[in-house]
Amino acid sequence: MTRLQATLLATTLLAPLLPAAPALAAKDSITLGMPLEPPVLDPTAGAAAAIKEVTYANIYQGLTRIAPDGNVAPQLAKSWTITPDGLTYTFALQTGAKFHDGAPFDCSVVKFTYERAVAADSTNSQKGFFEPIASTACPNPATAVVTLKRPTGLFLNNMGSGDAVMISPASAATNKTNPVGTGPFVFKRWIKGDRVELERNPNYWGPAPKIAAATFRFISDPSAATAAIMAGDLDAFPLFPAPESLDTIRKDKRFAVVIGTTQGKTVMSINNERAPFSDVRVRRALAHAIDRAALIDALGGLGKPIGSHYIPGNPGYVDLVGAYPYDPAKAQKLLAEAGVKPGTEMTLKLPPPGYARRGGEVIAAMLEQVGIKAKLVPVEWAQWLDQVFKQSDFDLTIISHVEPNDLDIYARDKYYFNYKSPAYRALYQKYVETTNPADRTDLLGQLQRKLSEDEANVFLFGLAKTGVWNAKLTGLWENQPIFANDLSAVAWTD
Amino acid sequence: MTAFLIRRLAGLLLTLLAASLVVFLVLQVIPGDPASLMLDTSARADTLAALRHQMGLDRPAWIRYLTWIGGLLTGDFGISYTYATPVSELIAQRVMVSLPLAVLSICLSTTIAIPIGVLAAARRGRGTDVAIMGAAQFGVALPNFWLGILLILLFAVAYPILPAGGFVGWEKGFWPALRCLILPAFSLALPQAAILSRVTRSAVLETLGQDYVRTALAKGLTGVAALWRHAVPNALIPVVTIIGLQFSFLLAGTVIIENVFALPGLGRLVFQAISQRDLIVVQDLVVLLAGSVIVVNFLVDLAYLGLDPRITHEGAK
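Protein chains in written order, with the numbering used here: chain P, 1 to 494; chain Z, 1 to 317.
Okay, chain P solo, but in the shape it has when bound (with noise of 0.2 Å):
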């Protein structure tokens, strides 16, 4: 159909029924795309990356937070001093904050959300941030000291997470649905299954952000995505879920596309207990059977290869990409050597997302190459977290750890993939409880190592941030050092 006749077509069947369109003015509103709706507003109340990403710095905040570069910085804390033994933190705190509702904020509030969230009853997903918690403590209003039972080198990157964020005792129960904090936008309504909408806090204690209403909208579908931000109905798709749009989009000078990183380190585990995978030699056969290089060219070519669990760019990281480099001789010498035999049938479970599913397809064919038979299960995402992370009934995954500094589940007495290795829990429980910059960044780089040299699991690649948005915006994130969509500092240019 050519542009005439789809004109003639659009104006005789839809046109006389609609209204003249409204006269631009000067915009101070955004609408974000995001593929998940979240389950609940309440981030202390459920593990969905999604809740974070409307709420966290919009309408939470926490003592510290998670700057846009990954560092941690002051939020409802103004400054803070730790006791040179590391056990105790006194927070000097923002006075005339106060929570959308009108509840002050003060150290009370402290003490509630960090004794809510390790009560015995507590569904905090990540209980685990406040556990190390001894006593929190009010000398004044104004000043919080929290006494920790040892050392916790993470603590204030913990306290800066959307799991830490205050929680007024006035509106903890109805926060999951009302949600209620101290942040620079307010709740104002939420059209289940398809928009959550704020509004500048006019009572704000710190500056006002420059947009006066945000719209979230969900969008999973990844052509509809595309089409609503070809169409203007979103100015901004942060984590655009569409790569195959992506060279369209460039094309469009209305539209940046912003490529970062975040913290997903998508990796092919392995189940560490079961043979023949206990041995280390099948381990490393398996790294040198992939060519990480073509995997990404296939997915896309946006993520970066890893060679441990960290991701390059964060603090410590240590390049260990090169350990186990593509070599499908080497990797056939060293099955033979473990006695693993050509055919070998090895079940490979696939979740939903596309890095799992075709990345699934590249790796069963490279493994083909070594003689390994891989068995594609794809599995929906209730019954990876069944069949593989509770029971963990697989021999291999893919599967990508979204969690910042997440090397603590290496050292777990029980984790889905089995990793159980009295070195590195050493190291680890070291790393933890040593408060000393240098020694803590050399510490990271060993465990780094010892991972690698492990190959606890097959370390793939960084996953990719796609951000995808109107070319007036700024103040949006490039990269996602933590689940946000932070739009205290965007605003249009002219």
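Hints in this document: simulated from the structure, not taken from any laboratory.
Built from N, CA and C at the ideal position, the CB exists for glycine as well.
Check the hints yourself; a few may be wrong.
[Unchecked claim] Derived lysine-lysine pairs resembling DSS-like cross-links, with alpha carbons at most 25 Å apart:
#1 Z:K172 / P:K192
#2 P:K253 / P:K472
#3 Z:K219 / P:K188
[Said to hold, decoys possible] Label-pair ranges, simulated between beta-carbon atoms:
#4 P:Y326 / Z:L66: 57 to 65 Å
#5 Z:V26 / P:D442: 17 to 25 Å
#6 Z:W175 / P:P243: 31 to 39 Å
#7 P:R274 / Z:Q28: 23 to 31 Å
#8 Z:L13 / P:N418: 46 to 54 Å
#9 P:R274 / Z:L66: 38 to 46 Å
#10 Z:L66 / P:A172: 27 to 35 Å
[Said to hold, decoys possible] Covered by chain Z, according to a simulated footprint, are these stretches of chain P (three or more residues, beta-carbon under 8 Å):
#11 300 to 308
#12 384 to 398
With the hints as your guide, set chain Z onto chain P.
Relative to chain P, chain Z alone:
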């Protein structure tokens, strides 16, 4: 008539009870736990146990079933696991999208299909008939999601006169909300109109060959009058049957179109609830949809009665 109504009502309740039992059992068997889905991969065992207790998942299955059914009987649909809001509220919001969309689509498809179906029958074998039936054949083969994407590209991207998707809500006014439904309604209606026009055509052809139409022509009625007064009314029973089926489908079977247009309708709610294992929402929706199909079928039966006085329910049963 009273006996008929009582029989239908008893049948309705039994069917709903059976549906509730089947869906409950199926959801017990399939793997996946709503609590672990909510806590994701960072969950610790004690947090998971606390959440399961809070959600009531640690109670035996039969108690959960009886609590649920008991609630339904008193009009309490329960609280959604994932959304933490009353299911009745969730469903009510979605019905405000799905029901208007279904009604709009069915109106569109009927308005298009019946006239052209009758026209094709009246012009049987001639150019008009061939053209209409060719177009209908094309329409039947047309996947509605593809048509949807095409309409978006045309009317939202190339000529941005309608939104590409989403739903602003009725509280923003009748017209802004209706605008969101126009493209999805056309995407759903056109393929359905294609089917309906073919059914209309063959039904009218059938009645055109009947004695009463020949008699009507013999007593001096014009072809057009005979067609509209005698052939078409008598052809409506199969047409109404198809409309009933299509309407039931439109209420919740439109998940793909809802995805393409990012519409918060019932179909997507079912889909989300299943993938999130929001068991209570799935259970409620299945029972509700089973109920609505039964009610639509009942209305279709009543329509038969109006369309053809010869049908009596005592005789038909």
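So which of the earlier hints does this model not fit? 3, 5 and 11
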